[in-house]
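2 protein chains.
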Amino acid sequence: MKQSLLFTKTSKTVSAEETSLNAQFLIKGGFVDKLSAGVYTMLPLGFRVYKKIEQIIREEINSIGGQEVFMPSLCPNENWKKTGRYEILADDILFSAESKHVKSSVLNLSHEEVVSPLLKKFVNSYQDLPQYVYHIQNKFRGEARPKSGILRGREFMMKDLYSFHATEEDLNNYYERVKISYKNIFTKAGIGDQTYLTYASGGTFSKYSHEFQTLTGAGEDYIYICDKCRVAINREILEDQKNKCPECGNNKLREEKAVEVGNIFKLSTKFSDPFDLFYIDKDNNKKAVIMGCYGIGLQRLMGTIVEVSHDIQGIIWPESVAPYRVHLISLKQDKESDKIYNNLLDAGIEVLYDDRDISFGAKFADADLIGCPYRIIVSTKTLEQDSVEFKKRTEKSSELVKKDNILKIFK
Amino acid sequence: MKQSLLFTKTSKTVSAEETSLNAQFLIKGGFVDKLSAGVYTMLPLGFRVYKKIEQIIREEINSIGGQEVFMPSLCPNENWKKTGRYEILADDILFSAESKHVKSSVLNLSHEEVVSPLLKKFVNSYQDLPQYVYHIQNKFRGEARPKSGILRGREFMMKDLYSFHATEEDLNNYYERVKISYKNIFTKAGIGDQTYLTYASGGTFSKYSHEFQTLTGAGEDYIYICDKCRVAINREILEDQKNKCPECGNNKLREEKAVEVGNIFKLSTKFSDPFDLFYIDKDNNKKAVIMGCYGIGLQRLMGTIVEVSHDIQGIIWPESVAPYRVHLISLKQDKESDKIYNNLLDAGIEVLYDDRDISFGAKFADADLIGCPYRIIVSTKTLEQDSVEFKKRTEKSSELVKKDNILKIFK
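From first to last, the protein sequence lines are chains A and B.
Following full-length UniProt numbering, the numbering of the first sequence begins with 1 at its first residue and continues without gaps.
Following full-length UniProt numbering, the numbering of the second sequence begins with 1 at its first residue and continues without gaps.
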């Protein structure tokens, strides 16, 4: 992409009400735009990052048998009343939606009330189980005072996976597979080192559920890390467990601030009961389907990556989710730079080509802000040596690389 | 995909309230599920078709310079009041959304009220124009009585592209490029032959806008076709034009029922004026940005394909949008069929493998209903001849193909 064609521009300033670092960098860099409190547009650069995160998640969930669907946002109140969640949430974060001809609807903030009656249409026998159904879809949550940038939006995309089982044992086995899959997702997205499997409350159905918490000062949660087991527990569990690690009993736990980037939860029959979602077992008995649910907010993950990976100049995108792999910079568009650009494109390498007629200094500042992993600088000086300057976003120093050897770097 | 693993099943019946053919086939085949009037879930098979349509559109719009973003559904009323559309639509098809902490919001049914103030943040000079911005995003329209299946939903995905120009001439040129791009989209989606560029009302800004209308008895519109020019005009224009083709004056026009699958519209300054979206021209004059908008509803396109391409047994998907290219059928899962399945997968061919333990007759009926372009049948009889039976969905007769030659068919 030629940067001169991009409709967005970077900006040096950002509204004083943007107190979160992720929003500051993402808005300055032209990744997102704020329409209203907690409601953001993904701009072209941000959309590219978003799509890469989406693809990482999709591949992992497909690999554990997830079948992708797309469920709607509009849902009859009635479904939410059946599960009792309407009463709890309608006067809080749940959105109602209505128009002249359509009354009594809510905007789903998760999809148990849609997926449970859906599965009822297809599940009859134990032979129809297990099933794993997910979608990547926009959610609406009327947060009181969204102030954490894209970490906590009023409208955001979420991957929500629901699993359906004949037995608790089968749910437990799948739950362990999702744990591994989630670890893979956060590792691939570049925040594996900072992310901890965290014991959280399991509600009435199992002793624990699990959150995935990523360490960052921007976090709204406190977690307590056992460095022996490389797990954490949340504050609620800390008190229950009398300050001990639930895995090894270690009581030297380290307090850290963290952001919840994913959660996995055993629902048991909480949602199958109200919708009479059952199956007939081998002995012809009617039994309630056992469910699990597993969520990851995509903008939250994107914002967390920014909180974790940046320096004072801007974002440092992990290669797997960077909007472009290479930022190619020349003082202005010239034949040699065009040629390098086209060679990179032909080799299948994603390049943002800064061909704008502005100073090198301004271009470098933008490149640091936007945060692509590799920078290639073409100047009269480098061309005299048949070379370009090559620099990683994570490093201060650059090196000269012969023009003919550029592609070798990316092999 | 092994069909035994699919959580959906085909059904022989469908609720009597589903009067549209597209909904009947799509629900029976397990492509979509109806949650409430006009609100559908895309099930795994339907989601695959949907994603292929999305990709056809994305590639075409990218090829005419479209920059992809993702704008939100929630929008402050205020934006809609500025353009006057709130007053017109708030008591009709526009949805309002609210929660305890978020009042006075609507759910966008198109995005002029979001994209115009967005562009204002980035456009200053004539050098910042033209720009082409699009997204593929869910829309909400509170239709009074949705009864056309997925042709007219209350919630659906739409590709909406907005173009921004310094001059009417530049808009006109781009408008012609979009026309070609839209033709390509409908041709690639397999309904090119049935789809007509149709003259429609241009509002106050240009004499005509254009719809793309696809001939089908399921259509809610009447169009009047000039077979000489291969264009059509809608009823409103017919009266203005005194029953003559606006291109050649031909007055032998043929009336047909049709579905509008896309529209392109010159907005002029209708939305730039209220948001003060302007640019400074070469002579330092402030001028309003000229806009165009271009929409395609994805579920509507999907439903139209079904209306156009089916027989009494079921859907006949064009290859480009079929959920799977090949439906592999064996009486039950056996080693030979598994091998053929794996060979097809290894060759990158998308296969739905009916490995269920049910009769051949039931499998054939399902295959006709689901409508993949190619069917491969493996039976004891064919295997005795080292062969499989190969049949196109569009043809009645099948042929024997040697097992070793299967892949050659798909080259």
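Please keep in mind that the hints were generated in silico from the structure rather than gathered at the bench.
Computed from a prediction, not measured in an experiment: that's the story for all the values here.
Careful, some of the hints might be misleading.
Identical copies go unnamed one by one, so any copy, or any two together, can satisfy a pair.
[Unchecked claim] Within a straight-line C-alpha distance of at most 27 Å, the following computed DSSO-like cross-link-like pairs (lysine-lysine) qualify:
#1 103 - 82
#2 121 - 207
#3 28 - 391
#4 121 - 12
#5 9 - 242
#6 120 - 12
#7 270 - 12
#8 12 - 81
#9 228 - 183
#10 403 - 9
#11 147 - 103
#12 12 - 392
#13 147 - 28
#14 2 - 121
#15 100 - 270
Status of the hints after comparison with the structure:
Proximity of residue 103 to residue 82 under the C-alpha cut-off of 27 Å is found in both arrangements, the shortest distances being 17 Å within a copy and 26 Å between copies. Taking CA atoms no more than 27 Å apart as the test, residue 121 paired with residue 207 passes in neither setting, with 31 Å inside one copy and 51 Å between copies. With identical chains, the CA atoms of residue 28 and residue 391 are at most 27 Å apart within one copy only, with a shortest distance of 22 Å there and 57 Å across copies. Taking the shortest Cα distances, residue 121 and residue 12 sit within 27 Å of each other only across copies (13 Å), while inside one copy they are farther apart (54 Å).
In this assembly of identical chains, the alpha carbons of residue 9 and residue 242 never lie at most 27 Å apart, being 52 Å within a copy and 50 Å across copies at closest. In the homo-oligomer, the alpha carbons of residue 120 and residue 12 lie at most 27 Å apart only across protomers (17 Å), although the nearest pairing inside one protomer, at 54 Å, exceeds that limit. For a Cα distance limit of 27 Å, the shortest separation of residue 270 from residue 12 qualifies neither inside one copy, at 50 Å, nor across copies, at 31 Å. For a Cα distance limit of 27 Å, the shortest separation of residue 12 from residue 81 qualifies neither inside one copy, at 48 Å, nor across copies, at 31 Å.
Proximity of residue 228 to residue 183 under the C-alpha cut-off of 27 Å is restricted to the intra-copy arrangement: shortest distance 18 Å within a copy versus 62 Å between copies. Neither within a single protomer nor between protomers do residue 403 and residue 9 lie at most 27 Å apart by alpha-carbon distance, with minima of 29 Å and 57 Å respectively. Taking the shortest alpha-carbon separations for residue 147 and residue 103, only the inter-copy value of 18 Å comes in at or below 27 Å, while the best intra-copy value is 31 Å. Taking the closest pair of Cα atoms, residue 12 and residue 392 come within 27 Å of each other only inside a single copy of the chain (23 Å); across copies the shortest separation is 60 Å, beyond that limit.
Proximity of residue 147 and residue 28 under a CA criterion of 27 Å is satisfied intra-copy only: 17 Å inside one chain copy versus 46 Å between copies. Taking the closest pair of Cα atoms, residue 2 and residue 121 come within 27 Å of each other only across two copies (20 Å); inside a single copy the shortest separation is 50 Å, beyond that limit. Taking the shortest Cα distances, residue 100 and residue 270 sit within 27 Å of each other only across copies (26 Å), while inside one copy they are farther apart (34 Å).
The structure does not agree with the numbered hints 2, 5, 7, 8 and 10 stated previously, though it agrees with the rest.
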